[in-house]
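Undergrad: One-letter residues, chain by chain:
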Amino acid sequence: MSRTMIIGYGNPLRGDDAVGYHAARLLSDMVKQREVVIRTCHQLTPELAPEISTFEKVIFIDASIAEVAGELTVSQLKHTGVSERTISHHFDPESVLTCSHMLYGRVPEAYLVTITANSFGYMEDLSVPVKRRLPDLTQAVLRIIGNESIM
Amino acid sequence: MNKTISIDPVTRIEGHGKITLHLNDDGAVDNAYFHVTQFRGFEKLIDGRPFREMPAIMARICGICPISHLSAAAKACDQILGVGIPKPAEKLRRLMNLAQIIQSHALNFFYLSSPDFIMGMDAEPETRNLMGVLKKNSQIAHDGIMLRKFGQEIIETFAGKRIHPDWIIAGGVKTPIIKENIDKFLIQIPDVLKAVKRNIEWFKIQLPKFKDEIKTFGSMQSLFMGLVNDNNELDFYDGKLRFVDHTGKTVGEKIHPNEYRTHIDEHVEEWTYLKFPYYKPRGYPDGMYRVGPLARLNVAERCGTELADKEFIEFRGMSRGAVLSSFHYHYARLIEILYAIEKIEILADDPDILQKNVRAEAGVNNDEGIGIVEAPRGTLIDHFKVDENGIIQWGNLIIATGNNNLAMNRSVLQVAKHFVKGDKLTNGMLNRVEAVIRAYDPCLSCSTHAIGKMPLQIELVNTEGLVIDKLNRS
Chain A
1 MSRTMIIGYG
11 NPLRGDDAVG
21 YHAARLLSDM
31 VKQREVVIRT
41 CHQLTPELAP
51 EISTFEKVIF
61 IDASIAEVAG
71 ELTVSQLKHT
81 GVSERTISHH
91 FDPESVLTCS
101 HMLYGRVPEA
111 YLVTITANSF
121 GYMEDLSVPV
131 KRRLPDLTQA
141 VLRIIGNESI
151 M
Chain B
1001 MNKTISIDPV
1011 TRIEGHGKIT
1021 LHLNDDGAVD
1031 NAYFHVTQFR
1041 GFEKLIDGRP
1051 FREMPAIMAR
1061 ICGICPISHL
1071 SAAAKACDQI
1081 LGVGIPKPAE
1091 KLRRLMNLAQ
1101 IIQSHALNFF
1111 YLSSPDFIMG
1121 MDAEPETRNL
1131 MGVLKKNSQI
1141 AHDGIMLRKF
1151 GQEIIETFAG
1161 KRIHPDWIIA
1171 GGVKTPIIKE
1181 NIDKFLIQIP
1191 DVLKAVKRNI
1201 EWFKIQLPKF
1211 KDEIKTFGSM
1221 QSLFMGLVND
1231 NNELDFYDGK
1241 LRFVDHTGKT
1251 VGEKIHPNEY
1261 RTHIDEHVEE
1271 WTYLKFPYYK
1281 PRGYPDGMYR
1291 VGPLARLNVA
1301 ERCGTELADK
1311 EFIEFRGMSR
1321 GAVLSSFHYH
1331 YARLIEILYA
1341 IEKIEILADD
1351 PDILQKNVRA
1361 EAGVNNDEGI
1371 GIVEAPRGTL
1381 IDHFKVDENG
1391 IIQWGNLIIA
1401 TGNNNLAMNR
1411 SVLQVAKHFV
1421 KGDKLTNGML
1431 NRVEAVIRAY
1441 DPCLSCSTHA
1451 IGKMPLQIEL
1461 VNTEGLVIDK
1471 LNRS
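Line by line, the protein sequences give chains A and B. To convert, note that position 29 of the first sequence is 29 in this note's numbering; the numbers rise steadily by one, no gaps. To convert, note that position 130 of the second sequence is 1130 in this note's numbering; the numbers rise steadily by one, no gaps.
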C-alpha cells in the first residue's frame, strides 16, 4: 500500500460544509494501516504543502455546490502549476499541490472526493441527503487507498 | 465640485471594509474614511452567560488569533476567581501566545504583504499573491510556510487544535504538557531562527525601494501604547501599559491593567462600526495612539532576548525619537517573530513548563475582572462584570485593531493625498491605499467582533455626494 494522506476539511458548525470532517473521522475508525494518515482541518492552507509532499497519494474530501444534494463525485486532480488562487480565505486542493511541486519538487497522486451539500446553515449535524451518502463516500475513499479502479 | 473615491472591499486583510476618498474642487483628496461595514456584538451576546464560558466564547471572535482572545478572557476570569494561577500555567499561556504571534505575523508578512514587496505596488492584482511570491522568490514562500507551520503546530500540539482551541481556561490551562512534545519543537528552532534572520536581512535591503511608501504610509505623529514588563522589555502576556509620544518620551507608564479606563476612552462615529479608542488625558482625536508591532518596539526599551535586541537597536536607530512610519510595522513584525522564537526556546528549556500543577480552582470571589494581553495586532482588553453566581452582567472589549482605528484613518488620508490624483482610480493607487491598511494587519472581524469576510470597496465621491468612480475587490 502506498503512503496516503486523507484530508477532510470544512467547518463543523456549518452543516454539510463539514462532510469532509465527518468522513475523515469515520475513516479514522475504519482505516488502521500505518501507511495512511488522516487529518481534519477547517480549510486548506499552504502549510499542508510540506506534509503532503512526503506522501505518495493524497485524498481531499470536501463538500461541493451543485444541483443535486447528496451527489458523490470522485475526480483525479492534475497538478497544472498555474494555479493563481489567492489565499487567506480560499485555498483549493490544486493550490496545495502547486505549492508542493514548486517548493518541495514533489506532487503526490491526488484525488478530490465530494458530496453536494444540501445546507450550509448553522448546525453541527449533516443534512439527511448528505448523511445518507456518507457510506458511499467512505467506500470510494477506501477504493482509492486500495488503488482500485474508481471511475 | 468635490468628488469622492471609494475602495470597496479592501483586500488581503481579515474582515470587511470600505474606503471613501472625498475630493475637493481641484481634484485633490480632501478627506478619507476607512469604514468597517460589519457588526457582531459579542459584548451583548455574553450577557447572562456563566463567566467560565468567556475564554471559549471570546476565542470565537477570531480564527487567526484565538489564543490572545482566550488569554485575555482567562486573565479577566482569574481576577473574578481571585486567584494567582500556577507558574507552569502562566508559562504555558505565554508560550502559546508567542506561538500565535509567530503564525499570525508570518501570515501577514509572507502571505499577505510580501507580494507587494516582491512584485511591487504597481503589479497586476492577479500576480500579487502567495503564488506570485512562489514563482518569483520561492525561498520567501518557503520560509513563510515554515514559520507559520511552526507556530500553528505548537498551538495544535498543546491546545488540541489550531483554530478555536479551548485549552486556556479560568484559573490556568486544562492539561499539563509532555516533554516529547516540547522536544519536537526545540529541534526546529535553529531552522526557524535561520529563516526569520534571512528575511530580516532581505527586508532591510528592500527598504530603500519603498522610500515613498515609508514617507507616506502613516508617517505621522501619534502616541504609541503597549505592555512592558518591569524592565521595560517586550511582554506579550502581562506587565503594565506604557504610552510614549512621537519623540519617544514616556507620557504614561506603569499603568495597571485594572486602571485602563482612566487612560483609554472610546469614541463612536456614525459611518463605521469600529469604535475609536483614544488616550483620555489628551481627548479625542488628539489622543490618537497606535498599537501592535511598531508601537511595541517604540514603547519598549529593549526586547529582552539576544538576537532580537540587536535588531531592535538597529530598528530604533532609524529615528531619533519613535519610529513613526506605519510601513515599518512590517519590519517590526519580523523582529517580533525573531523575539518570539528566542523566547519560546527559553520557555521550552524551563523545567517549570512540565510541572503537572496547571490549574487553580476557586469560586466567584470578585464581581469584576480585567485581562490585558498583547495580541499579534496589538493590545487586547477584556473586561467583565458578574453577579454573585458568576453570570456576566456587562462586558467591554477593546480589540487590537480598534486601538489603531484613528491612526488607520489618518494613514489612509496621508497615502491618498500623496498617491491619488484626479477622478480615476488606478490599481497602483488602489493598492497603496489598501497596503497602508494592510501594514496595520487589521482584523476587522475581531475589532467589530463581526462576521469575517474581507473584500474592500473604494469609492470616489464628489461634493454633491455622487459616486463618480468605484473599484471592488472580492
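One should not assume that every hint holds.
Computed cross-link-like contacts, DSS-like style, restricted to lysine-lysine with a CA-CA straight-line distance of at most 25 Å [said to hold, decoys possible]:
id	chain 1	residue 1	chain 2	residue 2
1	B	1356	B	1087
2	A	78	B	1240
3	A	78	B	1135
Derived Cβ-Cβ restraints for the label pairs, each shown as a range [claimed, not checked]:
id	chain 1	residue 1	chain 2	residue 2	range
4	B	1186	A	30	30 to 38 Å
5	B	1357	A	33	54 to 62 Å
6	A	125	B	1126	36 to 44 Å
7	A	39	B	1319	58 to 66 Å
8	B	1186	A	25	40 to 48 Å
9	A	75	B	1126	24 to 32 Å
It is worth saying that the hints were derived from the structure and are not from the lab. For each residue, glycine too, the CB sits at the ideal point set by N, CA and C.
Undergrad: Of all the hints given earlier, name the ones this structure violates by number, lowest first.
TA: The structure conflicts with hints 2, 5, 7 and 8, although it agrees with all the remaining ones.
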